[in-house]
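Asks: Chain A is already provided as a structure; the job is to place chain B on it using the hints.
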Amino acid sequence: MQAWYFTEMPYPHLPPMDTLSTIRVSLPVKHFDPRIGADLYNRYFDEYMIADDAGLDMMVNEHHQTATCLDVAAPLSLAILARQTSRGRLCILGNPIANRGDPIRIAEEMAMVDCISRGRLETGFVRGVPYEVFAANTNPTRTVERLWEGIDLVQKAWTSHGEPFNFEGDFTHRRAVNVWPRPYQQPHPPIWVTGSSDVDAVRRAAARGFVFATFLQPYTRVAELFGAYRGAYQLNGQPGGGGTAFMPLVYVADTESEAEAGMKELLWYMQAKTEAQYRNPPGYAPVEANVQGLKGAFAGRTDAMRSQGLEFQREQGVVMYGTPDQVAAQVKRFYDLVGGFDHLLMMMQAGFLDHQKTAANIRLFAKECYPQIRDLARTSPLAAKAAAE
Amino acid sequence: MEVERFGSGAPMLVLLSEESALELESPFLAELAKTRELIIPQPPGFGRSERPDWVSGPDDIAYMYLDLVERLGLKNIPVLAFSLGAYIAAQMAVKDDAFISQLILAGALGVKTGGPFDRDFMDIWTSLPEKVMAWKWADPGKGRPDLSGKTDEELAIIARNTESFARYCWEPYMHDPKLKRRLHRIRVPALFVWGAQDGFVTPACGKAYAELIPGAKFTSIADAGHYPHLEQPRAFLAAVHAFTG
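Protein chains in written order, with our numbering: chain A, 637 to 1025; chain B, 224 to 468.
Bound-form chain A, shown alone (with noise of 0.2 Å):
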């Protein structure tokens, strides 16, 4: 098992919340202050920092146009980190290829970001959540084929090493591609894609031997995602690589009363308001799930789990906290739950928890928690036989 540190880097400075219809689109951006956003953003970098000397790999993200989530060039922070740590691994998870709309740059920034961590880059490539197609103006009913195309386009250009190519795609056109530099490690850095519930882009995910990543589920839909995924694994034999991640909300501290307050601070990311019309954009979600929604039946995930209480979210996987051991003992029935995963992916500062909340709970867990479920064995080939038998 390996375990990731991460933040969204937020921007919580806000007014109250009941004051404000949405945080993420259209807030305006005077709510920003320039001088307390440099604050937080060092502050995020030393977080991270201090993740890596604890034994810890790290993830980012972005969003754009919404005060949840400062990070909204996820290459640039990785190119920081690329320089600033040096032991544990990178993972941007993802790259919104779709919305980008532009493959080979990202296949450049990446491959940079390779070379300068000599080798310690994992490149997600995310569909983007529902409210991104907006900044991005992205058709939302085509970016799902946009997300498969700029994939297949930016492995081509990692792996091709001889003579340029020319790519008509329905998305990007190009000629005489012929990426500098060449990722470090090779082929390419390992792939990672996200899901919530499109089990055929599972499939897809394990047949190319990606790893596979799902957040803030309840276990039964992970287990669900996870057994597709090995299911399609072993159909199309693939040799290794791959693997599955889960992202819950992880709070680790030395009292459970303890625990449960920061966790409460954390929670300030569930409770992000968001206005109706940004959460389905037309064509996103498949017409189906609108059927149900014009039934009054589907909620978005984070709607579903935010009206739950705090043990209700524990109870379902979504959130992990507690002392060391009753969070690895968390992490472990979540691991039986759904079949084993390989990538602890840690929501570890939200809201308005602050640094020093923020940096016990990283050594805490990475001191205590960790050595607890590092050697749950990753689900390989073998592993996801059994499982699926």
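Just so you know, these hints were derived from the structure itself, not from any lab. Quantities reported herein were computed from a predicted structural model and do not represent experimental measurements. All the given hints hold, so there is nothing to weed out.
Within a straight-line C-alpha distance of at most 16 Å, the following computed EDC-like cross-link-like pairs (lysine to aspartate or glutamate) qualify:
#1 LYS931(A) / ASP369(B)
#2 LYS373(B) / GLU924(A)
#3 LYS931(A) / ASP375(B)
#4 LYS993(A) / GLU894(A)
Replies: The following block gives chain B in isolation, referenced to the frame of chain A:
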């Protein structure tokens, strides 16, 4: 492609708006069908029509409809079109208007005459649903579909229509920058009908659109928003009859 044909009288090609689920249930179409045979194709991805991947907008749909007109042997018939349907009709007419006797466009999308920072079309996809209703309807209550008692298949049609509208009109938003340069090719008598309270695409935008078609007339309907035929069916039909004779 799904094509509805009903009513009795001389044929008329009717191209519905993105709200075709509402229109198909409206008294307006029933009234019109008393004196006309209505030929109503559903665009790819609307109703029960398939949506091939290569169809990316009204320009593609226009060619499909021109093939349909040819196949059905339609000649010298009026075309009545609304919103997205009017966008498709304009795309057809600039390519071939020989089969059209009169062109009636209501709340037509497709042409942006303002500059990059001007909002010719209010952004329905980044705005609260209540706000969008208020732009589109003089009486927003009329736009709220009654979903109770609808079957899954009927709801799926509504969901498909919503999705396909975005497929075709997301970017460029509600228009084709090339279209306004081609409108002079339309030589048939044309009438633009606009709801006086259309807050989604204002009557001023409609007038600017009409001016790009030689000889086109413009008329507005009081107490109506973006769908004047649904909000004021009588006044709308009177305007149509006055034009078609």
